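Asks: Now for the letters of each chain:
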Amino acid sequence: MSQPNQLSDDNPVYPAVNYLNADRGVWSWLTTVDHKRIAIMYLVSVLIAFLLGGIFAMALRVELLTPGPTIMGANTYNRMFTLHGVVMIFLFMIPAIPGVFGNFCLPLMLGAKDVAFPKLNLLSLYLYWTGATLALAGMIMGGTDTGWTFYAPYSTTTPMTLFPVLLGVFILGFSSILTGLNFIVTIHTLRAPGLGWMRMQLFVWAIYATSIIQVLATPVIGLTVMLVGIEKVGHFGLFDPSRGGDPVLFQHMFWFYSHPAVYIMVLPAMGVISDVIAAFARKNVFGYKAVAYSSLGIAFVGFFAWGHHMFVSGQSPTDDGAFAAISMLVGVFTAIKVFNWVATLYKGSIVVGAPLVYICGFLFFTVFGGMTGIAVATVSLDVHWHDTYFVIAHFHFIMVGAVIMAFLAALHYWFPKMFGRMYHEGWAMVSAALIVLGFAATFIPQFLVGNAGMPRRYYMYPERFQSLNVASTAGASLLAFGFIIIAIYLIYALIHGRLAGDNPWDSRGIEWMTTSPPDKHNFHETPVITVDPHSYQNPGEEVEHVVI
Amino acid sequence: MAEITENRGPNAVHADAHAHGPGRYFVVWILLLIFTGTTVITGRMDLGDFNIVLALVIASVKAALVVLFFMHMTEAAGTNRLIFVVSVIFTIVMMTGVFGDLLTRNPMTLPTGNPPVQIQAE
Amino acid sequence: MSSSDGHAANAHLAHHFDTIERQDYAVRLGMWLFLATEVLLFAGLFLGYTVYRHFYHEAFHEASRHLDLWAGATNTVVLITSSLSVALAYWAIKQDKQKLCAGLLVFTIACALVFLAIKAIEYHHKFEEGALPGAWYHYSEVTAPGANLYYTIYFLSTGLHAIHVIVGMSILIWVLARVLKGHFSSTYFVPVELGGLYWHLVDLVWIFLFPLLYLI
Numbered sequence: 208m209s210q211p212n213q214l215s216d217d218n219p220v221y222p223a224v225n226y227l228n229a230d231r232g233v234w235s236w237l238t239t240v241d242h243k244r245i246a247i248m249y250l251v252s253v254l255i256a257f258l259l260g261g262i263f264a265m266a267l268r269v270e271l272l273t274p275g276p277t278i279m280g281a282n283t284y285n286r287m288f289t290l291h292g293v294v295m296i297f298l299f300m301i302p303a304i305p306g307v308f309g310n311f312c313l314p315l316m317l318g319a320k321d322v323a324f325p326k327l328n329l330l331s332l333y334l335y336w337t338g339a340t341l342a343l344a345g346m347i348m349g350g351t352d353t354g355w356t357f358y359a360p361y362s363t364t365t366p367m368t369l370f371p372v373l374l375g376v377f378i379l380g381f382s383s384i385l386t387g388l389n390f391i392v393t394i395h396t397l398r399a400p401g402l403g404w405m406r407m408q409l410f411v412w413a414i415y416a417t418s419i420i421q422v423l424a425t426p427v428i429g430l431t432v433m434l435v436g437i438e439k440v441g442h443f444g445l446f447d448p449s450r451g452g453d454p455v456l457f458q459h460m461f462w463f464y465s466h467p468a469v470y471i472m473v474l475p476a477m478g479v480i481s482d483v484i485a486a487f488a489r490k491n492v493f494g495y496k497a498v499a500y501s502s503l504g505i506a507f508v509g510f511f512a513w514g515h516h517m518f519v520s521g522q523s524p525t526d527d528g529a530f531a532a533i534s535m536l537v538g539v540f541t542a543i544k545v546f547n548w549v550a551t552l553y554k555g556s557i558v559v560g561a562p563l564v565y566i567c568g569f570l571f572f573t574v575f576g577g578m579t580g581i582a583v584a585t586v587s588l589d590v591h592w593h594d595t596y597f598v599i600a601h602f603h604f605i606m607v608g609a610v611i612m613a614f615l616a617a618l619h620y621w622f623p624k625m626f627g628r629m630y631h632e633g634w635a636m637v638s639a640a641l642i643v644l645g646f647a648a649t650f651i652p653q654f655l656v657g658n659a660g661m662p663r664r665y666y667m668y669p670e671r672f673q674s675l676n677v678a679s680t681a682g683a684s685l686l687a688f689g690f691i692i693i694a695i696y697l698i699y700a701l702i703h704g705r706l707a708g709d710n711p712w713d714s715r716g717i718e719w720m721t722t723s724p725p726d727k728h729n730f731h732e733t734p735v736i737t738v739d740p741h742s743y744q745n746p747g748e749e750v751e752h753v754v755i
Numbered sequence: 009m010a011e012i013t014e015n016r017g018p019n020a021v022h023a024d025a026h027a028h029g030p031g032r033y034f035v036v037w038i039l040l041l042i043f044t045g046t047t048v049i050t051g052r053m054d055l056g057d058f059n060i061v062l063a064l065v066i067a068s069v070k071a072a073l074v075v076l077f078f079m080h081m082t083e084a085a086g087t088n089r090l091i092f093v094v095s096v097i098f099t100i101v102m103m104t105g106v107f108g109d110l111l112t113r114n115p116m117t118l119p120t121g122n123p124p125v126q127i128q129a130e
Numbered sequence: 077m078s079s080s081d082g083h084a085a086n087a088h089l090a091h092h093f094d095t096i097e098r099q100d101y102a103v104r105l106g107m108w109l110f111l112a113t114e115v116l117l118f119a120g121l122f123l124g125y126t127v128y129r130h131f132y133h134e135a136f137h138e139a140s141r142h143l144d145l146w147a148g149a150t151n152t153v154v155l156i157t158s159s160l161s162v163a164l165a166y167w168a169i170k171q172d173k174q175k176l177c178a179g180l181l182v183f184t185i186a187c188a189l190v191f192l193a194i195k196a197i198e199y200h201h202k203f204e205e206g207a208l209p210g211a212w213y214h215y216s217e218v219t220a221p222g223a224n225l226y227y228t229i230y231f232l233s234t235g236l237h238a239i240h241v242i243v244g245m246s247i248l249i250w251v252l253a254r255v256l257k258g259h260f261s262s263t264y265f266v267p268v269e270l271g272g273l274y275w276h277l278v279d280l281v282w283i284f285l286f287p288l289l290y291l292i
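Chains as they are written, first to last, in our numbering: chain A, 208 to 755; chain B, 9 to 130; chain C, 77 to 292.
Honestly, the hints are just simulated from the structure, not real lab data. All figures in this text were calculated on a predicted structure; none of them were measured in a lab. In this text, a Cβ means the ideal position worked out from N, Cα and C, and glycines have one as well. Please note that the accuracy of each hint is not assured.
As the list claims (entries may be wrong) - Label-pair ranges, simulated between beta-carbon atoms:
#1 A/Ala281 x B/Ala72: 55 to 65 Å
#2 A/Gly275 x C/Gly235: 44 to 54 Å
#3 A/Thr283 x B/Phe58: 55 to 65 Å
To be verified - Keeping only pairs whose Cα atoms sit at most 25 Å apart, straight-line, the calculated DSS-like set for lysine-lysine is:
#4 A/Lys439 x A/Lys727
#5 A/Lys554 x A/Lys496
#6 C/Lys175 x A/Lys326
#7 C/Lys257 x C/Lys173
#8 C/Lys202 x C/Lys257
#9 C/Lys202 x A/Lys439
Given only the sequences and the hints, what does the whole structure look like? Please build it.
Replies: Written out as structure tokens, the structure is:
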């Protein structure tokens, strides 16, 4: 097995002028149309959001150390899980991988100079900042306690102020739509000569599928949250039974977006894994077409499955069954990907490194997260598990165990490309191990306590659940510790990390065919693509990938 | 999917010799007015359940005329047509899922279940 | 094959696109994607209409009889005609007929104002009658259960539509300003086309709203 250090140049070159220093001053950053700078600003923003969401999560876990009140009152607890949910989902999970790595890598992977609409890209960022600030301020000052799902009729009748949060979410949705629109047009129109659809890196396919969902689904949540806001202020009665409305209609409209939304979160993560696994197995991704098309398959089927969030809402058993059956189909596409990734590792020339640890964590936890997804999609079982910690554990396995692992893999894999420096491998491996173990320690107990009957969003719980809750909180502390270590060595690497050179991983991605950090205009000449993607024909063999 | 070398769009079409005249727009306009008149007249007639069907059919025909001719979808790239069609399809998907629920729910759980909502009249 | 000639087209070519054709294709694709999002936005309200019509068909039927049919029909004709004029404006600029294009855009904007004026009058009547959404409903003419929700749907859908009329009008005013400054010609006219596309969508939504709310 080769260490990543040995693959990099002996004399790595750090370009004196690159996108980071090409224009100076805060104003040049705030008015930039360079997709790479926008990506970095997204990175800083989503990491702040993640920190906040993580703090809210730790507050919840500390509160759950004892069956009774621990550090906060009941109303505060409701506000805390609302904060955690809204911040993590709308401020981190949805925008993170597309906003950071999609923005940074997509044009590079296409051999383009920028995204199709650079100014729209900057607008997306500003909308993100506006929406995020509004939502956060709205929740903190308004005391929002509805949970991130804003279910009517509580959301429409709660005395808490909701309008700023709802407006914030609406604006964030707009940001998401514009990003998706931008990426779709970029992929259709800015591919370099020779880069046909079947030559694109798999990360691009994943971003494409994600962007389709963003464009089609997000308007519905935009409308839905505005209807809740109007209902609250104007008492229009749309979701209010006392005025003839149907609260289940809210759930239908909410989940019509929010279920595809989870694929907005997971598809880019899967794309990251495809790209990174090829580099760390030094082998073509097995079954390129299957992986590419399964991204589209997940996006498509994901639109038909929303009712599985509503099995006990009063939805008809007929619809229950239909949604359950369709939801299982998603498992087919996910399984296709997992098998192909494992086949990629098989007989590959494995490179050990932090990204590989995250990949392994991703694969392991996706399998369990996915299987428990099939389990909760089974109506008769979900009747027992709905609104318990079992469901929480299921979606955290995917959102943290899969998506965050992929985010960390992406962060480590593309860190040298973005900043031209390498992080300390030893610390990276230590923290990767902590993250994987901490994650397992946090959420496996939650499957058990949920199956035993502990409800979610409950401030107090019966004594017999305490030991599992304590175990989960201990795991969460480990997880938090891992993140802190990552933050420290990455910030250190920004300043003192050793130079990485153009392609420290000896990867075949097109983004590695330019300098690290890249020039402001990406490529000095438009590359001409002549070979298939992830082209590690034989491990270690040098292949002429692009002509620059 | 679009090919690299595709240089399509109305630009390329209308730069050619046979750019069409404005006449077709007026024809479409007349047709739209006729259909509007038809739907106004038939809309207030009592045709039972057929009222809704007829109204939606006429509206769809009018919409098709606007989309195909005013919005030039007859000349638009395939991708653009696909996008519009897909958005309509997913609208229908949303309605189908919700209606599947409404039509098969226990009637007592519906807003029109027992007791019915009282409206205050002055 | 290339229709871009000289400076006019190239002045508008962004640095990251190779040819003006590619850029125009991208811009149109972006616009159609945006229109798709608008379709899905209104879809939620059409869903609300369909659902509550299903529940309260008697009230919906009765209430639609109490809407001012002539106001609605006039508005429909106004919007259809404005769609014609904006399509003609697009045709005109492709023939280098700048003044005609500007005139047609002015006519389109005027139609938009007429539409909004008629709508404002209708809303005013509703306020007077008490035909208001949800909790505010106190219209004595329609008493079937669910009538208040009919007006909820009515105000929400026509309200959202009116907002789009205002936005579309603003876009057309901006396009008109640029036409008057001479920015467009037979070699560069894509913004006129895109403004028109947005306006046609506004018309499309009304084509469905009118029969659903006023007729059946």
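Asks: A separate judgement is required for each hint: does it hold in the structure or not?
Replies: For each hint, the structure was consulted:
1. A/Ala281 x B/Ala72: 55 to 65 Å: holds, 56 Å
2. A/Gly275 x C/Gly235: 44 to 54 Å: holds, 48 Å
3. A/Thr283 x B/Phe58: 55 to 65 Å: holds, 58 Å
4. A/Lys439 x A/Lys727: violated, 48 Å
5. A/Lys554 x A/Lys496: The hint holds at about 20 Å.
6. C/Lys175 x A/Lys326: violated, 31 Å
7. C/Lys257 x C/Lys173: holds, 13 Å
8. C/Lys202 x C/Lys257: With a Cα-Cα distance of about 42 Å, the restraint between lysine 202 of chain C and lysine 257 of chain C is violated, given a limit of 25 Å.
9. C/Lys202 x A/Lys439: holds, 22 Å
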